[in-house]
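Dock chain B against chain A, hints included.
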Amino acid sequence: MTIKLKKELWAQVTKAATAGGYSSPEEFIEHVLERECAKLAGEEPDEEVVRRLKGLGYID
Amino acid sequence: MVLAYLHPHATQIAYIGPGAGFAFLGSFLTLIAGFFLTVFSLLSWPFRLAWRAVRRRKGYRHARVRKIIFLGLDGLDPRTTERLMTEGKLPNLARLAAEGSYKRLRTTFPALSPVAWSTFATGVSPAKHNIFDFLDRSLKNYLPRLSSAHIGKPAHVLRVGRLRVPISRTPVELRRKSQPFWKILGRQGIGCTILRVPITFPPEKFDGRLLSAMCTPDLKGTQGSFSQFTTRVERATYENGSRYPLRRVADGFAGEIEGPADTYLEGRPILRIPFQVRRRNGAYELQVAGRRCALRPGEYTGWQRLGFRTAVGASASGMARFLATETDPEFSIYMTPLNLDPERPALPISHPPYYAAYLANLLGSYATVGMAEDTWALNEGVIDEDAFLRQAWDIFAEREGMFLNALENTRRGVVACVFDTSDRIQHMFYRRLGTSGPHAEAIEEMYRRLDKLAGKALTFTDDGTALFVLSDHGFCAFRRGVNINAWLRDNGYLHLKNGGRESGPFFEGVDWSRTRAYALGLGGFYLNLKGREALGVVDKREAEALKSEIIRQLAALRDEDGAAPIGNVYATASLYRGPYLDAAPDFIVGYNEGYRCSWDGAVGKVAVGTIEDNDKAWSGDHCVDPVLVPGVLFSNRKIEAADPGIEDLAPTALKLFGVDVPAWMEGKALW
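Chains as they are written, first to last, in the working numbering: chain A, 1 to 60; chain B, 61 to 731.
In isolation and in its complexed conformation, chain A is listed as follows (with noise of 0.2 Å):
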């Protein structure tokens, strides 16, 4: 999937992204939106999330 993005913004986002400490633009723009879309997203049944942990050596 390909969002456009206007020149300045993206030489904003490529500034931004490198202050930050990202790996690149992209990495930047993903972990903003996904920090967003985090606040509206549903949480999975709980028992759902307990039993993926099921063998992990480290924890009862």
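No wet-lab data here; the hints were simulated from the structure. One should not assume that every hint holds.
Straight-line C-alpha distance at most 25 Å; calculated DSS-like pairs for lysine-lysine [what the hints assert, rightly or not]:
{"#": "1", "chain 1": "B", "residue 1": "Lys715", "chain 2": "B", "residue 2": "Lys243"}
{"#": "2", "chain 1": "A", "residue 1": "Lys15", "chain 2": "B", "residue 2": "Lys728"}
{"#": "3", "chain 1": "A", "residue 1": "Lys39", "chain 2": "B", "residue 2": "Lys600"}
{"#": "4", "chain 1": "B", "residue 1": "Lys516", "chain 2": "B", "residue 2": "Lys149"}
{"#": "5", "chain 1": "B", "residue 1": "Lys512", "chain 2": "B", "residue 2": "Lys149"}
{"#": "6", "chain 1": "B", "residue 1": "Lys728", "chain 2": "B", "residue 2": "Lys243"}
{"#": "7", "chain 1": "B", "residue 1": "Lys118", "chain 2": "B", "residue 2": "Lys243"}
{"#": "8", "chain 1": "B", "residue 1": "Lys557", "chain 2": "B", "residue 2": "Lys590"}
{"#": "9", "chain 1": "B", "residue 1": "Lys715", "chain 2": "B", "residue 2": "Lys265"}
{"#": "10", "chain 1": "B", "residue 1": "Lys118", "chain 2": "B", "residue 2": "Lys213"}
{"#": "11", "chain 1": "B", "residue 1": "Lys213", "chain 2": "B", "residue 2": "Lys265"}
{"#": "12", "chain 1": "B", "residue 1": "Lys200", "chain 2": "B", "residue 2": "Lys516"}
{"#": "13", "chain 1": "A", "residue 1": "Lys4", "chain 2": "B", "residue 2": "Lys265"}
{"#": "14", "chain 1": "A", "residue 1": "Lys39", "chain 2": "B", "residue 2": "Lys590"}
{"#": "15", "chain 1": "B", "residue 1": "Lys590", "chain 2": "B", "residue 2": "Lys607"}
{"#": "16", "chain 1": "B", "residue 1": "Lys698", "chain 2": "A", "residue 2": "Lys15"}
{"#": "17", "chain 1": "B", "residue 1": "Lys590", "chain 2": "B", "residue 2": "Lys200"}
{"#": "18", "chain 1": "B", "residue 1": "Lys213", "chain 2": "A", "residue 2": "Lys39"}
{"#": "19", "chain 1": "A", "residue 1": "Lys39", "chain 2": "B", "residue 2": "Lys698"}
{"#": "20", "chain 1": "B", "residue 1": "Lys590", "chain 2": "B", "residue 2": "Lys600"}
{"#": "21", "chain 1": "B", "residue 1": "Lys149", "chain 2": "B", "residue 2": "Lys698"}
Estimated spans, in silico, between C-beta atoms of each pair [said to hold, decoys possible]:
{"#": "22", "chain 1": "A", "residue 1": "Arg51", "chain 2": "B", "residue 2": "Glu345", "range": "27 to 35 Å"}
{"#": "23", "chain 1": "B", "residue 1": "Arg332", "chain 2": "A", "residue 2": "Ala41", "range": "27 to 35 Å"}
{"#": "24", "chain 1": "B", "residue 1": "Arg471", "chain 2": "A", "residue 2": "Ala41", "range": "32 to 40 Å"}
In this text the structure is predicted, and so the values were computed from the model without any measurement. Cβ atoms here follow ideal geometry from the backbone N, Cα and C, with glycine treated the same way.
Okay, now just chain B, sitting in the frame of chain A:
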């Protein structure tokens, strides 16, 4: 097969639940598209080959080496290594040290494999790659989650009667951020073969080959759940496996293997495969999924392919090994976790997608679960120490085959392979060290065998090769577990509802409206911060003062005998900077040797007491103050750096190939 080559993610389309995961090569349209893509692919092949050759030649123009070999030995401890080298028991590593270099290798905070290997791959601190522990937590409900990968649900599912058919892809997301060095090298046309380096599930696309490792799930979607089938009728509860009845029938026994849920059907019923064990002239034969194999007491079978047929006819393909652990008077069989079948993986486990199948066809089937050695089966007494060691060394042999094959076929580029045998055997046999009992030599024997492996890797080196043998952390004893949540409760930072003293796992019964700090995971703990956690109560303006107060008090914790379980408590923000720092624990606990966070504390239980004995077979660990457990670094080249860290390897790889080190990388090239 051609379709699978051209549509690397086609097999993912119908993975419709974290537990199951079914290959579903679909519709007529897919076939048509596949046909045209095949024709296009064949016609364009000579041009692509020529372009690749040009690119590769260009990529190596500034290279100072032709080849780099990274041999990762997870958890190889410097103190033990140095002692055994002095005793003349590790001749190959000693030779490497004498002719090249040996250094202790600084690890990450915390000293955990997912964290440290992510730093190895990316050359950045956890605050830039987002992996701080095996677990992180939901900010909405405080439940633990696997920090490295997330398997979601398809957004669109077609309902036809009781059938549930996904019509969109199942999201499978790698949560490690930043970029591994092999991706950067791939862009320059420098080929990399990356075998079982932790935190590579799901595999990222890049110009090279990769087989996923730590945190790859089993077919049930867990991190590895064993099964035990037995005629014993007494009840038994296993934390991380399941016990199933074995019925006596005319000439043997019969049982059912429980597989993943059928996510194509309403209610997600569990898929099952029946099996039988027949007596044959005093021996036993396992009959399962239309195949027969000998079941000899005390001997593992080979990998048995198990296809669980779903409601729509698609098959979820897994595989397992069986071991008869007793035969008379009771009969019991241990079955390994249902590994994803590398020839038909229900989830992507390699890049390119066919690479996993290529390795299986070339070298035979192999374990694919992230932590393949079944430590829980030994912890719970379902298999004994001999059986665990056989399993661990069988997995080692599979991996060694892949590693040596990659070395034989790599004239230039990178081969990186991580072996887990060293980590698992130290976890499970540490309490045997220095005793005269059985397996007292298990750890030393492991070091010797890994030394031989290093010797084999050395035979693939020449003047144009840089070899690195490294570990991500060291090891020490784990005798006592500290429940930080209990300490937080006793000191007024965590409260339970109705004045209770003990909670269930996952913070069941915690009163969040009065709780200022809570612990989850192996490395650290968190403030319950207002505006971050859903039920946060600590104001950001008070956070720094509260952190200082907790650090001061926790460092004063004493065990019954007056010993200090904790040497240091680190404020994470003082350790590193980066865009993902918000997701990090606010504190990292630097346990002293002999201590670790308690088993149940790691999953958010508030225990009655703060410190308890660790009585499991799992008796060695590295979840301590990282300054106590550095890793090792050997190279066939002289390393002058006084204090090399695991973050230095990625920029070193780039620089050796003459590729510019990006400014965001924090490690420093060793040369």
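Tested hints:
no. : hint                           : verdict
1   : B:Lys715 - B:Lys243            : holds, 14 Å
2   : A:Lys15 - B:Lys728             : holds, 23 Å
3   : A:Lys39 - B:Lys600             : holds, 19 Å
4   : B:Lys516 - B:Lys149            : holds, 16 Å
5   : B:Lys512 - B:Lys149            : holds, 10 Å
6   : B:Lys728 - B:Lys243            : holds, 18 Å
7   : B:Lys118 - B:Lys243            : holds, 17 Å
8   : B:Lys557 - B:Lys590            : holds, 20 Å
9   : B:Lys715 - B:Lys265            : holds, 22 Å
10  : B:Lys118 - B:Lys213            : violated, 43 Å
11  : B:Lys213 - B:Lys265            : holds, 21 Å
12  : B:Lys200 - B:Lys516            : violated, 50 Å
13  : A:Lys4 - B:Lys265              : holds, 23 Å
14  : A:Lys39 - B:Lys590             : holds, 15 Å
15  : B:Lys590 - B:Lys607            : holds, 15 Å
16  : B:Lys698 - A:Lys15             : violated, 38 Å
17  : B:Lys590 - B:Lys200            : holds, 12 Å
18  : B:Lys213 - A:Lys39             : holds, 18 Å
19  : A:Lys39 - B:Lys698             : violated, 50 Å
20  : B:Lys590 - B:Lys600            : holds, 7 Å
21  : B:Lys149 - B:Lys698            : holds, 23 Å
22  : A:Arg51 - B:Glu345: 27 to 35 Å : holds, 34 Å
23  : B:Arg332 - A:Ala41: 27 to 35 Å : holds, 34 Å
24  : B:Arg471 - A:Ala41: 32 to 40 Å : violated, 47 Å
The structure shown violates the earlier hints numbered 10, 12, 16, 19, 24.
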